[in-house]
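Could you fit the two chains together into a complex? Lean on the hints.
So the chains spell out like this:
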Amino acid sequence: SQQGEEDPQALSIQEGENATMNCSYKTSINNLQWYRQNSGRGLVHLILIRSNEREKHSGRLRVTLDTSKKSSSLLITASRAADTASYFCATGPGAQKLVFGQGTRLTINP
Amino acid sequence: DAGVTQSPTHLIKTRGQHVTLRCSPISGHKSVSWYQQVLGQGPQFIFQYYEKEERGRGNFPDRFSARQFPNYSSELNVNALLLGDSALYLCASSLGQGAYYEQYFGPGTRLTVT
Chain W
4 SQQGEEDPQA LSIQEGENAT MNCSYKTSIN NLQWYRQNSG RGLVHLILIR
54 SNEREKHSGR LRVTLDTSKK SSSLLITASR AADTASYFCA TGPGAQKLVF
104 GQGTRLTINP
Chain H
1294 DAGVTQSPTH LIKTRGQHVT LRCSPISGHK SVSWYQQVLG QGPQFIFQYY
1344 EKEERGRGNF PDRFSARQFP NYSSELNVNA LLLGDSALYL CASSLGQGAY
1394 YEQYFGPGTR LTVT
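Protein chains in written order, with the numbering used here: chain W, 4 to 113; chain H, 1294 to 1407.
Just so you know, the hints here were simulated from the structure itself, not pulled from any lab data.
Now the in silico label distances, taken between C-beta atoms and shown as ranges:
#1 W:Asn21 with H:Asn1372: 46 to 54 Å
#2 H:Gln1334 with W:Thr67: 24 to 32 Å
#3 H:Gly1296 with W:Ser31: 26 to 34 Å
#4 W:Thr67 with H:Pro1301: 34 to 42 Å
#5 H:Phe1362 with W:Ile16: 42 to 50 Å
#6 W:Asn112 with H:Pro1354: 37 to 45 Å
#7 W:Leu64 with H:Gly1377: 32 to 40 Å
#8 H:Ala1295 with W:Ser42: 16 to 24 Å
#9 W:Lys72 with H:Asn1364: 41 to 49 Å
Take a look, some chain W residues computed to stay more than 12 Å from chain H by CB distance:
#10 Ala22
#11 Asn25
#12 His60
#13 Lys73
#14 Pro113
Remember, predicted model here, so these are calculated numbers, not experimental data.
Just so it is clear, CB atoms sit at the ideal spot from N, CA and C, and this is done for glycine as well.
Extracted from the complex, chain H is given alone in its bound form (with noise of 0.2 Å):
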């Protein structure tokens, strides 16, 4: 079976543009969350979707938002991009909600903001 796919791989913005992330998770999870990591630091939530509505929210700006589609695939969009944004952003799916079950991450996609 297929893990976690994520995409693009690589991205460079520029600061005040949008960017979407996406993730597909594994085949049968209906569970997506989003971490954002910084270097040298953990992983920070962003976001639970399951069952394609919204589980939790972590402390970051309305400049961040998310949603699951039918097919549990998500995506993660930030608007006005900041210098603080550069980060790898983690995309994991799991089988059922969030913190409960362990957790499969993608690769992650590295993100650049200049």
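Bound-form chain W, shown alone (with noise of 0.2 Å):
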């Protein structure tokens, strides 16, 4: 069963912009993560907050939590050509496995 879904599904914009992406969950979780995929390759860890934290950054990335929406968001600031690529929250319902959603396509225009 799914417990990450992220939205939108896809998301086009221009270099220089900032993107957003969204990250619901269904049940309780000790942290939620954030991926990206390169064209079908292995995913790069690229945030890991916990359930105790709100915000996080990391360079032009900056994720929240809302723990009480069951919520995430991936903001991505000043987009670059090397940023396209496939977006996955992933949670632990518990410690033994780790449940990726669908995605977020992002494509980045010249």
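Next up, the structure:
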């Protein structure tokens, strides 16, 4: 079953603009993670935010977490062509497994 | 340090055959997880091994099995292959058990079943 669901499914913006992706989940979590995947290759870990954190930054990335709404958002500022990829949120209903959503396909147009 | 490695990179098999996929984790990582990713979808959890014991299993048939060796490398075995098993198989390693830690993914093995 799907734990995390990203919204929108696809997003196309101009280079230099900001991109925002959202993730909703169903059960209580220990943490929520965001990953990037380029063209069907391996996933790259971006940020892990714990359930007692509300916001986290890493370079041009900003992640927020609202446990009361069971939602998270990933903001990429000043987008670049190299940011074109699929972005996934992932949560663990328990320690045993990480459950991924279907992802947001982000396209940065030059 | 080397990242997570997987072999082979690509594989073509016929329905009914058996396949073995291999994964070497990052040095020092004791947990290995396996995921199946069908085109256009997110990765689906198959197995997690931590300290050589199975700690989690996803909703996959018994045709799927795995194991972790004393050096923490891992194998994923799939018997009686079906066309629907065609996918990218991803291995990920982490310092600790599963979802509490960031996962480091390998490049994947692309399996095509004809």
